[in-house]
Amino acid sequence: AQTVTQSQPEMSVQEAETVTLSCTYDTSENNYYLFWYKQPPSRQMILVIRQEAYKQQNATENRFSVNFQKAAKSFSLKISDSQLGDTAMYFCAFMKRNSGGGADGLTFGKGTHLIIQP
Amino acid sequence: DTGVSQNPRHKITKRGQNVTFRCDPISEHNRLYWYRQTLGQGPEFLTYFQNEAQLEKSRLLSDRFSAERPKGSFSTLEIQRTEQGDSAMYLCASSSMGVFSTNEKLFFGSGTQLSVL
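Sequence order for the protein chains is A and B.
Mapping to this note's numbering: the first sequence position 15 is 15, numbers consecutive.
If you want this note's numbering, it's the position in the second sequence, counting the first as 1, plus 118.
These are computed hints drawn from the structure, not numbers from a lab.
Calculated cross-link-like contacts (lysine to aspartate or glutamate; reagent style EDC-like; alpha-carbon spacing at most 16 Å):
id, chain 1, residue 1, chain 2, residue 2
1, A, Lys73, A, Glu52
2, A, Lys110, B, Glu162
3, B, Lys175, B, Glu162
4, A, Lys73, A, Glu29
5, B, Lys223, A, Glu52
6, A, Lys73, A, Asp26
Work out the full structure: start from the sequences and follow the hints.
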């Protein structure tokens, strides 16, 4: 079974600053995906970024980028030029590649509450 | 493509009553998931459908819970004889399994918030 750990329950930064959210995971799998999901107060889970474990290049999506360290089983999210709208819960999640679905679909961490201060 | 739709958004019920939630996945998505999320936690897997077949159920899903996905389209999750511990956000997600599963992504609905009094 996989586990995902987010050690920062809450973080707060000023608008326009850069912030990094931490995530570590434990798995014996070699082929998998990692995700960051954002959950604003509306409770809608929104996919922020996705990383395929077999790719060495770190994924980027506009202001969002990851630092994927496969050997260390670490997958941190960096948000540059943070905006008020980035305030939300952020969940790190793991999925086996070629997953049969079900419980292998996604395993989530407990989340980090990110607050962007004006 | 209007995304994953869940109804109702909120449900308040008295302990012992039955409730039913509906999820409409993204059209042509063959996989559908139900998750439960309590305050301060990440979503936890409940059950999963591939087309109309329910392939897996979590131990979290007691006998009071039943899910269906007739014809592989929308899905319903019913909770019988609700208990206060059932209070949570119930999230539905769907995905399309590609031939090589190289683009596996789950898209979530806005959830149904259940409060059992």
